[in-house]
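Chain A is already provided as a structure; the job is to place chain B on it using the hints.
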Amino acid sequence: MRRIRVNRPDSRHLALIVDAAPIAIIVADADGMLRIVNEQAQKLFGYERDELLGQPVEMLLPSRFRKGHPGLRSAYVEAASSRPMGAGRELFGLRKDGVEFPIEIGLNPFPTPDGLLVLAAVIDISERKQVEEHLRLIIDAAPNAKVLVDTGGRITLVNAEAERLFGYTRDELLDQPVDALLPERFRRGHAGMRASYLDAPSTRAMGAGRDLYGLRKDGGEVPIEIGLGPIDTPKGQFVLASIIDITERKHAEGLRLASAGVLAHNAELEALNNELESFSYSVSHDLRAPVRAINGFARMLQKRHAGGLDAEGKRLLDVVQNESTRMGVLIDDILELSRLGRQEIRITRLDMSALVREVVREHSARAEPSNAVFELEALPPASGDLVQFQRVWDNLVSNALKYSRNSRPPTIRIWGELDGENVVYHVADNGVGFDMKYANKLFGVFSRLHASEEFAGTGVGLAIVYRVIMRHRGRIWADAAVDRGATFSFSLPSVSTHE
Amino acid sequence: MNEEPASILLVEDNPQDAEIMLHVLRENGFGNDVEVVRDGVAAIDFARNHPAPRLMLLDLKMPKVDGIEVLGALKADERTRSVPIVVLTSSSQESDVREAYRSGANGYVVKPVDIDAFGKIVGAIGAYWLDVNRVPRQ
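One line per chain: the protein sequences are A and B, in this order. Quick note on numbering: the first sequence equals residues 1 to 499 in the numbering used here. Quick note on numbering: the second sequence equals residues 1001 to 1138 in the numbering used here.
Any given hint could be a false lead.
[Said to hold, decoys possible] Derived, one-sided and incomplete: chain A residues facing chain B with beta-carbon distance under 10 Å:
no. : residue
1   : Gly296
2   : His305
3   : Ala306
4   : Leu335
5   : Gln343
6   : Arg346
[Stated by the list, open to error] Calculated pairs, DSS-like style, for lysine-lysine (alpha carbon to alpha carbon, straight line, at most 27 Å):
no. : chain 1 : residue 1 : chain 2 : residue 2
7   : A       : Lys314    : A       : Lys43
8   : A       : Lys217    : A       : Lys250
9   : A       : Lys314    : B       : Lys1075
10  : A       : Lys303    : B       : Lys1120
[What the hints assert, rightly or not] Ranges of calculated distance between the beta carbons of each label pair, as one might list FRET restraints:
no. : chain 1 : residue 1 : chain 2 : residue 2 : range
11  : B       : Glu1027   : A       : Thr247    : 51 to 61 Å
12  : A       : His305    : B       : Glu1078   : 44 to 54 Å
13  : B       : Tyr1101   : A       : Arg187    : 14 to 24 Å
14  : A       : Glu417    : B       : Arg1081   : 33 to 43 Å
15  : A       : Tyr438    : B       : Asp1033   : 38 to 48 Å
16  : B       : Asn1032   : A       : Ala311    : 48 to 58 Å
17  : A       : Glu362    : B       : Asp1033   : 31 to 41 Å
18  : B       : Glu1069   : A       : Glu362    : 34 to 44 Å
19  : B       : Pro1015   : A       : Ala306    : 16 to 26 Å
20  : B       : Gly1123   : A       : Asp286    : 40 to 50 Å
21  : A       : Thr247    : B       : Pro1015   : 50 to 60 Å
22  : A       : Asp286    : B       : Gly1072   : 18 to 28 Å
23  : A       : Arg187    : B       : Val1041   : 34 to 44 Å
24  : A       : Ala365    : B       : Lys1120   : 28 to 38 Å
Source of the hints: derived by calculation from the structure; they are not laboratory data. None of the values given here were measured: they were computed from a predicted structure. Positions of the beta carbon are idealized from the N, C-alpha and C atoms, including for glycine.
Chain A on its own, in the form it takes in the complex (with noise of 0.2 Å):
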């Protein structure tokens, strides 16, 4: 009998080889049978080298894993690649005195003449996981908001007060980008920013001096403050970001500015409001003034030369009439929007519901269209300014009507209830909604989710209503799906905790 070694890998050249290696390595034949471990496999798992060779492999997992083990076996063996083993699973090792710890597996495989060989590198994870645990424990149990970063930006760990501030459940921030959680308008100088964080990381405040804003789920924007620290762990280096919402704190400063008298200050104020009071005055006769005459031009050239003109020729010059008009609706939202911003605020008691069926009157009396269903709850009141909500609801019952028109019959639903301090309204249409996708877009001025050739307007109506409603320290947000309706809310301080 010749025995034929050519090609045979020599196994004490391989046990060599594996010995050497600086973390624990097992080789398995095709049936699971243990052919060669290292020094750091036995001392990982507790065993002598004699115990384990030869034995099934399985005598190093927990018995829970045992019984699926061979079948995953043989798969791998039959699509035989390197790769990390046991994908997306946590998975654990079992060492002679009977304790599981935590592991990590690259598998690889070793084609020889009599049958594949698995090389498996096995490293321990128990001191990584500790740190991680202990992170988790300590970022749950903080009473603010807690998001761990990792280097590339992605959301590693949440805690309960961060998926209240922001509306998302764990499982829909973890991995995702942090931008996410950011305003639009922060975004595109906010990846620069942390990477120079990161070249000199240091426990610190963000933003220094910026007012910060974080955006929720339902495309609201919280006013925040973050505190920064670096943490380094086994897997690396996270960024962890505590949260603080200040909406609350915003408006106390507020009162303390309008209340404490300080003349420096109120001068300081009352520049800034001269200056933006000069610049909506040059929006609203500057402008209005070439644009008005730009539409009377028009008209009159129509009017007194229609004879002159062809068909193509009155077309044009409708175009031109039609666009300074709009250009006119526009600057007197803009200007709107800027009187909104500096107004004072009366705040009076707000009897809701008669306020939002006065506005139902009046859109009913305008008819438009004629066919709207109006489901009016009784709301609870609220307080605030009395001109500012009238804009309000005038908005939102105009935008329900507008996006609900082709429906049959249009419907609109509006309630309201009090939840713990707050009151919260609802404004819901079954219009033709819109993907939550663009929530974020919903409150920006000029930002418009629908063609304006579908639905005309400005797109200033609901960035009116967002700066009432924050300048009330309410919230807003809304819920719409495409084609399955739209439903606005809002939320303000109840009665009882404002005065």
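Positioned in the frame of chain A, the structure of chain B alone reads:
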């Protein structure tokens, strides 16, 4: 002086606006005896030296003497006090509205950009002050 009073004195420094106003006034049947002056000085001068117009349409923002000063001067003057003055301006500033009424304006209207809307408003103002609410002659 024995001339017929102008029905309307239009005080407007912007020539385009003046032309548009004349156009809409004409369209509304008030175009026949409109006198146009280009600034506040001319407005006060005209009002004092001619038979009082039956209605004055006054722009606010004008060089030298502005609309508020014109109001002040004419409403303080026995001879011109009863001339109805409607401010027609581009400004929707609350401070301007308040100041105009304090100075004696009989009305305050923000000029619409859209000429059709403008025409309707001018028609309504003219109809009210010239036909409905007649002011006694001096």
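_Interface hint outcome for Arg346/A [beta carbon to chain B under 10 Å]_ = violated, 13 Å
*Holds or violated: is the Cβ of His305/A closer than 10 Å to a Cβ in chain B?*
Cβ of His305/A sits 13 Å from chain B, so the hint is violated.
*Take the C-beta atom of Glu417/A and the C-beta atom of Arg1081/B, compute their distance, and say whether it sits inside 33 to 43 Å.*
violated, 58 Å
*Regarding Asp286/A and Gly1072/B, is the given constraint of 18 to 28 Å on their beta-carbon distance met?*
holds, 25 Å
*Do the beta carbons of Tyr438/A and Asp1033/B sit within 38 to 48 Å of each other?*
Because 58 Å falls outside the window, the suggested range is violated.
_Taking the Cβ atom of Arg187/A and the Cβ atom of Val1041/B, is their distance within the range 34 to 44 Å?_
About 56 Å separates the Cβ atoms of Arg187/A and Val1041/B, which means 34 to 44 Å is violated.
_Minimum beta-carbon distance criterion (10 Å), Ala306/A to chain B_ = Hint violated; Ala306/A Cβ to chain B Cβ min 15 Å, cut 10 Å.
*Given Leu335/A was flagged as interface, is its beta-carbon under 10 Å from a beta-carbon of chain B?*
Leu335/A check passes; min Cβ-Cβ to chain B is 6 Å, inside 10 Å.
_Assessment of proposed distance window 34 to 44 Å (beta carbons of Glu1069/B, Glu362/A)_ = Holds - the Cβ-Cβ distance for Glu1069/B and Glu362/A, about 39 Å, lies within 34 to 44 Å.
*Is the straight-line distance between the alpha-carbon of Lys303/A and that of Lys1120/B 27 Å or less?*
holds, 16 Å
_Is 50 to 60 Å respected by the C-beta to C-beta distance linking Thr247/A and Pro1015/B?_
holds, 52 Å
*For the range 14 to 24 Å, tell me whether the beta carbons of Tyr1101/B and Arg187/A fit it or not.*
The hint (14 to 24 Å, Cβ to Cβ) is violated, given that Tyr1101/B and Arg187/A are roughly 48 Å apart.
Hints 2, 3, 6, 7, 9, 13, 14, 15, 16, 20, 23 and 24 from the earlier list are contradicted by this structure; the remaining hints agree with it.
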